[in-house]
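Novice: Work out the full structure, taking the sequences as your base and the hints as a guide.
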Amino acid sequence: MTPVLEVTDLNVSFGDVVAVRGVSYAVRQGEVLGIVGESGSGKSVTSAAVMGLLPPGATVTGSVRLHGKELIGARQRELTAFRGKTMSMVFQDPLSALTPVYRVGDQIAEAVRVHQKVTRTQAAAMAVELLDLVGIPNPAQRALAFPHEFSGGMRQRAVIAMAIANDPDVIICDEPTTALDVTIQAQVLEVLKKAQRETGAAIVMITHDLGVVAGFADRVLVMYAGRPVEVGGVDDIYYGPRMPYTVGLLSSIPRVDTDGRHPLVPIEGAPPSPAALPPGCPFAPRCPMRLDACEAAEPPLFDVGPAHQAACIRWQDVRPRVAAKHAVPVEPRDGRPRQDRQPVLKVDGLVKRYPLLRGSVFKRRVGTVHAVAGVSFEVREGETLGLVGESGCGKTTTLMEILELAEPQEGRIVVLGHDTARLGGAERMAIRRDMQVVFQDPLASLDPRMTVYDILAEPLRTHGRGDPGGRVAELLDLVGLDPSHAARYPQDFSGGQRQRIGIARALALEPRFLALDEPVSALDVSIQAGVINLLDALKAELGLSYLFVAHDLAVVRYIADRVAVMYLGRIAEIGQVDAVYEAPAHPYTQALLSAIPLPDPVRERSRRRILLEGDLPSPADPPSGCRFRTRCPKFRAELTDDERAVCVAVEPSVRLLDKDQGAACHYAEKLEVT
Amino acid sequence: MAGFLARRLLNYLVLVAVAASLAYMLAASALDPRSNYADRTPKPPPAVVDAQLTALNLNDHTPLLQRYATWAGGVVQGDFGRTVTGSPVNEDLKRRMGVTFRLVMIGLIFGSLLGVLVGAAAAVKQYGWFDRLSTGVSFLVLAMPVVVLANMLILLGTLANERLFGHRLFLVSGEYSDGLDTGFWGTVSDRLRHLILPTISLSLGLAAVFSRYQRNTMLDVLGADFVRTAMAKGLSRSQALIHHALRTALIPVATYFAFTFGALLTGATFTEKIFGWHGLGEQLINSIFTNDVNTVAAIAVIAAIAVLCASLAADLLHAALDPRVRAG
Amino acid sequence: MTALLVGRRAPSRLRVVAWRFFQSTQGRIGFAVLVLLFLLAFAGPALSPWSYTDKDFTAFLSPPSAEHWFGTLQTGADVYAVTLRGMRKSLIVGLLAALVSTALAAVVGAFAGYFSGWTDRTLTWGADLLLVLPAFLILAVMSPLFGAGQWVLFVIMLALFLWMVTSKIVRGMTISLKQREFIQAARFMGVSPVRIIFRHIIPNLSSLLIVDATLNVSAAILTETSLSYFGFGIQPPDVSFGTLIADGSRTALYAPWTFWFVAGLLVVTVLAVNLIGDALRDAFDPASRRPR
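Protein chains in written order, with the working numbering: chain V, -19 to 654; chain D, 17 to 344; chain U, 7 to 298.
Be aware that one or more of the hints could be misleading.
In the SDA-like style, the derived pairs of lysine to any residue whose C-alpha atoms are separated by at most 25 Å in a straight line are [claimed, not checked]: (1) Lys174(U) to Arg24(D); (2) Lys174(U) to Cys325(D); (3) Lys326(V) to Leu403(V); (4) Lys326(V) to Gly354(V); (5) Lys174(U) to Arg228(D); (6) Lys174(U) to Asp66(D).
What the hints contain is simulated information worked out from the structure, not anything from laboratory work.
In this text the structure is predicted, and so the values were computed from the model without any measurement.
Specialist: Put into structure tokens, the structure is as follows:
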């Protein structure tokens, strides 16, 4: 069978910077090719080059053949004839992929009308059918909506509808689920699989997430520094990688399904900038198996097995890494049982509402958002509580309420023994010293106009700690950075290093309690692992307590002792990490855990997913009774009418099921899902 | 919606009232109508001057607040008082308002349309010859104040009349020729010939501002994901630009409109004065020279109302263009 | 330790911006022209034997010659001398007014944006009021106060009507900056709000403010010209671009040199300032430049 799409020796450069170097691949009808790489690896540029959608100023060489027809150098007229018809594309950010001023239905109909001779009415009818196909409820009515009235998941479905409108032979998906929550990601991946069945198209799936392609792709291509470093069948890549980079990538991903705490193995250093590639193998500076020969020349792709190639001169020696034992003790070093340790943070019945405003010109209040609706938990000395949930669940609002150190609208917050409702100025300042925060985006959380020295000195100066010079050097050393870099600006550091600076700033005043707001979610996996390990080590070394807010359940499993799962402003389930992950009791936790893709092709293929229906209800108008019931698989399929009546009428509160595991469900039942 | 609109209008009303009061107080304390009588021969006796000034509510011997109260009382009933010569301000300004309104409207429409078109065309072929040319011209225009532009247009128009056409094609004084009797078409052509240069003088600056702004918003949008989506659908670059980019790029330009309106009014003032149109702007300058407090204050009120109307219009335009704003 | 650390600064942002600025043709031309104009305005008068107060009673309204480089006015004044004198005044007025108005815009906008609630409402309302008041009218009405030597008051009044739009932009950007994590970090660290505004917010808006200040220079020069043209700005015996253009336009038809020299210099000045502003914007925001 001849390939539908064949890319040979594709090179893309922007001026002097070569972004893509020698990419070759081919996909056959009905085949799924996963292209995996970290940010800056050139994977998205490759797909844009194939579609002919690169910005002006890019130089493309090599060959892209679609059904044997050469596309590089083809005329615009020919390109527009195949774009959207034979080959279509799904983009990463559904928020900006649709034109804000036109109705969704019209935009899909436009895709139809560009390539097919149909009337306006026919095209509109086809748009509705397509929306139905991708699983949008009430498609006829929703087709009249504007993009901003769609949720992220629905927008991505609309974009998929547009991509399959003309029954294409190839669909290129560029990180189609990266911007989405896990349960929505699971839905969208199902839609993509369905779309593939309907159209029989080949799919090129570009992603940074090794889990997403594990259960979906037939073959995988790993990219590093603009070039493919390993290609092969999905099982070969995951179970028998022959390139140290692939090995490193696989062992640095936190997984929800592995119990206990064997440490993640980070890849040291950061990916090279395409403008300054090291000589020889671009991975050599980070490679644990480096030899002098590696720096001599860039290795070509060696055939290492049937349809399996890797670009490493030592491919014969490369083995998948076996998990080592955790270097850091799991229990806090003083070994006191939990109930004997003092709480550093106690949140009791916290409520946060804010007005819902509509319109930017004719602004007015149209309702109340119940962002946090009665949340209770505590963090004790030396422990880490992971606060997890999808976007809109209220986890960040909860964190901000705690950090404000002000009286909450309802409920009580007690930080380090002080009730925030009764704090004087001096006490508040004292708590600010003992409670620090690390934010998600390391670049955004460091003032770009200040040097690292000034950034680290600011808390010391604010709290009058004299000359900060020595302490700054100490801090940089503590987080594994070179103290001589203090005079640089945040822009001069890589993402992982910046986050280390953020952590150093938080530690400057020797706090007892750290609030961490998604501290690793903006980082690439290979770097994320290093930061997680650092946080873990600092906690043990300095006796810190963490409140760790995250959307990634896998990361939380690595770092947290206890976990609280939030849904729509309430806690759905809370308890000791291993208990919750191994046998979740709340239907939402079960769905959430089962939605997370595992970097394990065999398990992925055999796994049964609990798919949630629809989107998160609006926090301005939450359902009566149990907030989860509108999407609850148990409510839908298992319960009797009488039992359902309880869910509709009574809002469940957290009920203890075990020594340290509680769930807010009337019918909580432990279930193994991963 | 109704409640929101009512609140907004109330806010506007307060703004106009405060602005008008401030303008009156400033005018009443800074201008000196008494000095108008100083140069008369024979010099009128002080008592007569006092009586006349009092009758016009312009007597600086009356406390400012009292004069203000009298003036405000009239304004609330729609009477802006009398000019220094004793004629009612209302009638005079009513006549002039039409003239200014015509000039501003024509300038506004012509200027913004031209600006948007030029800006969009320049953005489509960034750094092409048209982009370079339009950028150059708009920079040049932006460096010219209306007073210089108007004077240059008069000079160039006169030169063109003499050298190029051999007769007076461009008329540079007034809105129309007095006592002209050439039938309907004659009048139309006369009006047009009067109109050309003032319109250019007023709208060129506006067009330059809008073209720069439109070009920049267009360039912002050109790199947007949805333009890429449109092209991935199979639309050609120009189709994607016109259907998706231009339409979206119009939104911020519409809001910008409100900011430029004040400058447009000022420009109209200079244009009227220099081209001898008998509009509000000309009267404003004349009335400052004649220390005509009531006229100055009345024009300030009209200008304030016009600016607020423009800002309301810009908001409505924004809502009409952007579904995200009118949602819900 | 501190001295050691501070001594080893990486390439500062200022130097990067300056480098990018001088990379652009626009920036180079604008800068060179403006430097030349300043030289002309301050050193130029020394080259000519005529001062701006001299009157040559042997040459009324005479065309440019070796004696009078730019010709003379109806009064016999040397056009070269008065033009440079006017340019000097206009440049000073423009620079000062721009500086004052941009500073005002930065402070008012940042305070309004950072402290929402009443502070914001009051400041925004004040800005709205000044936007609604016709600036030209107020300045014109106040013109009797700008009599001889009172041009500083004029500068302040000019600045008072220039800052509102910028302050609205600054306010909007402050509101979004306030959400940024480094501001939050400072807040949760216990840094006081006023310190945050002056140490984090205003420095982070400096690119906008510098560009805005540049463009305000040209706005101020243009406004000054228009006001003085009608006799509402700079008052005699001071001269500025505006008063000279007003005089020149009356005799322009038969004595072009009285109008075109000064009008041309005005246009060149404003053009140079605008070119600098535009090039600065590009230098601060490399994303706005095309990939070369």
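Novice: Would the pair Lys174(U) and Arg24(D) pass a check requiring their Cα atoms to be no farther apart than 25 Å?
Specialist: Holds, at roughly 18 Å.
Novice: Straight-line Cα separation of Lys174(U) and Arg228(D) no greater than 25 Å?
Specialist: Judged against 25 Å, a Cα distance of about 20 Å means the pair holds.
Novice: Take the C-alpha atoms of Lys174(U) and Asp66(D), compute the straight-line distance between them, and say whether it is at most 25 Å.
Specialist: Violated - the C-alpha atoms of Asp66(D) and Lys174(U) are around 47 Å apart, more than 25 Å.
Novice: Please work out if Lys326(V) and Leu403(V) have their alpha carbons no farther apart than 25 Å.
Specialist: With a Cα-Cα distance of about 15 Å, the restraint between Lys326(V) and Leu403(V) holds, given a limit of 25 Å.
Novice: Tell me if the straight-line CA distance from Lys174(U) to Cys325(D) falls inside 25 Å.
Specialist: Since the Cα atoms of Lys174(U) and Cys325(D) sit roughly 19 Å apart, the hinted pair holds (cutoff 25 Å).
Novice: Would you check the hint for Lys326(V) and Gly354(V), treating anything up to 25 Å between C-alpha atoms as holding?
Specialist: Holds, at about 13 Å.
The earlier numbered hint that this structure contradicts is number 6, and it is the only one.
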